[in-house]
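As given, the protein sequences belong to chains A and B, one line each in that order.
The first sequence begins at 243 in the numbering used here and counts up one residue at a time.
The second sequence begins at 243 in the numbering used here and counts up one residue at a time.
Please note that the accuracy of each hint is not assured.
For identical chains, the list gives no copy identity; a pair is met inside one copy or between any two copies.
[Said to hold, decoys possible] Listed below are the simulated SDA-like cross-link pairs for lysine to any residue, each with C-alpha atoms no more than 20 Å apart in a straight line:
1. Lys407 - Asn482
2. Lys407 - Asp336
3. Lys407 - Arg429
4. Lys447 - Asp297
5. Lys407 - Pro339
6. Lys407 - Ala352
7. Lys447 - Gly425
8. Lys447 - Glu373
9. Lys447 - Asp392
10. Lys447 - Asn307
11. Lys447 - Glu278
12. Lys447 - Ser406
For the record, the hints were derived by calculation from the structure and aren't laboratory data.
There are 2 protein chains.
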Amino acid sequence: MPYDPSAFPPFAVTVDLVVLTVRRHALCALAVRRGEPPFQGRWALPGGFVRADEDLAGAAARELNEETGLRAQDPGDHTAEAHLEQLATYGDPDRDPRMRVVSVAHLVLAPDLPSPTPGGDADSVRWAPVESLLQPSGTEEDPPEPLAFDHGRILADGVERARSKIEYSSLATAFCPPEFTVGELRRVYEAVWGVVLDPRNFHRKVTGTPGFLVPTGGTTSRQGGRPAQLFRAGGATLLNPPMLRPDV
Amino acid sequence: MPYDPSAFPPFAVTVDLVVLTVRRHALCALAVRRGEPPFQGRWALPGGFVRADEDLAGAAARELNEETGLRAQDPGDHTAEAHLEQLATYGDPDRDPRMRVVSVAHLVLAPDLPSPTPGGDADSVRWAPVESLLQPSGTEEDPPEPLAFDHGRILADGVERARSKIEYSSLATAFCPPEFTVGELRRVYEAVWGVVLDPRNFHRKVTGTPGFLVPTGGTTSRQGGRPAQLFRAGGATLLNPPMLRPDV
DNA sequence: AGAATAGTGTCTCTTAGACACTATCGC
DNA sequence: GCGATAGTGTCTAAGAGACACTATTCT
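My request is simple: use the sequences and hints to build the entire structure.
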C-alpha cells in the first residue's frame, strides 16, 4: 500500500461549533444566519476553515472568540470562560454541495452571556432553544427550515454528548458563572435533561461528592428565599458515583 | 466572514485504525510496520487516505477489510464481524513531516482471529499487547521505538475509549465469538480492564441485566470444568445500571 | 403572615461486593 | 478423589429516592 501524500484528493477542513448555554431554564445553542449560498438565509452552526498553521482545537477556539468573544479552555487554563472539546468529524462526500469538506465539530459549554446576541450582528447571530433548532416549528421567530448542511445532526450529537457527559463529570459547572449556588447548578441539570430533580436529594448528593464543589464562603439571595452558599467548581472532573438521570 | 471553499489550505485526510482484540488474556492492538520514510521500519497503526467518493466510516471499513479481512459493522448489520466507531480526529500541523494531514481515527473491536498475522504479510503486520506498544520495552520482539507519528497517543485514546465504553454498554460482546459463555465474557472484561472480577457476582450481574445476554440453549465445556451455557449478544446496547470497574 | 428557596434528617428499597455452598465436567 | 469451572444463596454496607421538618429571606 504505497503512501504518497502528494497524490491525495483535495479536501477542505473546517471546524463547526456546537455552543451550548442555559438561558431562562432552557438549553440553547448558538446559531448564525448564512449570508451566501448554499442555504442562504438559513440558520447554521458557527464555524470556518482551519488555517494552515493552527491545530484543530486552536481553530475552534479562534472561531468561538470571533463569534462570541469567549475565550475557550486551554487544558489546565482556569481563567478560561468556556469548556471546549472535540465532538466528532463529519465527512460525507456530499455534505457540502460545492466541494469535499470534512468538518471537525467541537462542543462548547458556556455560562449564560450578558449580551443576548454577541457581536454587532444582532440579526444574524442568536441563541435558540435546541428543540426549536432541531424540530423547526415554523413560528414567527423559528423559521420552518432545518439547519443548513448536516448541522442538525451535528447539533443533535452535541446535545446528546452534553446530556450524557454531565452525568459522570463535573462539566455542568461549565454552564454556571464562576460562583454559583447549588440551586443554580440544579437548574442547569434540569434544563439540560429536561427533568425536575428533588432539590433536597440533589443538594445532599452534590455537596457530598468530594472535589465537586468548593464553598467560597459567600452567600447570595439572588434567587429569592433563604440565602444560599456560593460555590465554585472543585478540582474533580470525574464524578463517582455519577449523577443519575431519571427515567433512563 | 466570507466563506470561499475554493480558497482553502491544502489538506490530506486519512483514516487510522485502532483495532483491538483479546488474545491470550491480554488486550492487543493491530500494528503494521512502515515500509517507507518517515518512520521507516517503525510500527504504526493501519490506515490510509480517504478516497474522493467514500465517507469516513466507509474508508475505515475498507482499510479494515484490506488489513484483516474483517467486515465492519454497518449500523444495524448483525452479520458484521467487528464493531467500528469513530474515535477522534488528529490534526496538529506538524503531525506528519511531509505535509498537512488530518487523520480521522476509528476504533474497531474484534473477536480473536484464527490467523495470528492476517494477510500474507506476516512480517509487517502483528497483534501486540497494548502495553508493549504504548511503553516499548526494547526486548527481542518489542523494538524500543514508540509508534510512528502520533499513533501512540491515538492508540492510548482508543484503549481508554474501549475501557470506559464496556462499562455502560454491551460492547464487550464485540470481543467475543458469536456464541460465548459468561466466563469468556468475564475474561474479556478482565483483560481489557486489567483486573480480576468475582466470577459469581459477575455471573449474577450480566445474566440479570435484561437484553444483555440471550441464551442459545447450547452448552460448552471448552474451558474445562462444568459445562457452561452459551449466549449471544442481546439487543440491549446501553447497560443500566452499568458494569462497575473496580478501583476507580 | 405567607411564599419562596436553602438545607438536614430519616426511612425504605435496591444493589454491589464478599463469600459459603452446591453442581458437573475431565483426569 | 481432585481440581477445575459453573451457578445459586445469603449477608452487609452504601447509595438513591421519597419526604417530613427546620431555617432564613422577601413582599
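For each hint, the structure was consulted:
With identical chains, the CA atoms of Lys407 and Asn482 are at most 20 Å apart both within one copy (13 Å) and between copies (16 Å). When the C-alpha separation of Lys407 and Asp336 is checked against a cutoff of 20 Å, the pair qualifies neither within a copy, at 30 Å, nor between copies, at 31 Å. Within a single copy, Lys407 and Arg429 get their C-alpha atoms as close as 16 Å, which meets the 20 Å cut-off; across copies the closest is 28 Å, which misses it. Taking CA atoms no more than 20 Å apart as the test, Lys447 paired with Asp297 passes in neither setting, with 39 Å inside one copy and 44 Å between copies.
Taking identical chains as interchangeable, the C-alpha atoms of Lys407 and Pro339 are never at most 20 Å apart, the minima being 33 Å within one chain and 35 Å between chains. For the homomeric pair Lys407 and Ala352, the shortest alpha-carbon distance inside one copy (15 Å) is at most 20 Å, but the shortest distance between copies (26 Å) is not. Taking the closest pair of Cα atoms, Lys447 and Gly425 come within 20 Å of each other only inside a single copy of the chain (12 Å); across copies the shortest separation is 36 Å, beyond that limit. Proximity of Lys447 to Glu373 under the C-alpha cut-off of 20 Å is found in neither arrangement, the shortest distances being 29 Å within a copy and 37 Å between copies.
In this assembly of identical chains, Lys447 and Asp392 lie within 20 Å of each other by CA distance neither inside one copy nor across copies; the values are 38 Å within and 40 Å between. When the C-alpha separation of Lys447 and Asn307 is checked against a cutoff of 20 Å, the pair qualifies neither within a copy, at 35 Å, nor between copies, at 48 Å. For the homomeric pair Lys447 and Glu278, neither the shortest alpha-carbon distance inside one copy (49 Å) nor that between copies (56 Å) is at most 20 Å. Taking the shortest Cα distances, Lys447 and Ser406 sit within 20 Å of each other inside one copy (18 Å), while across copies they are farther apart (23 Å).
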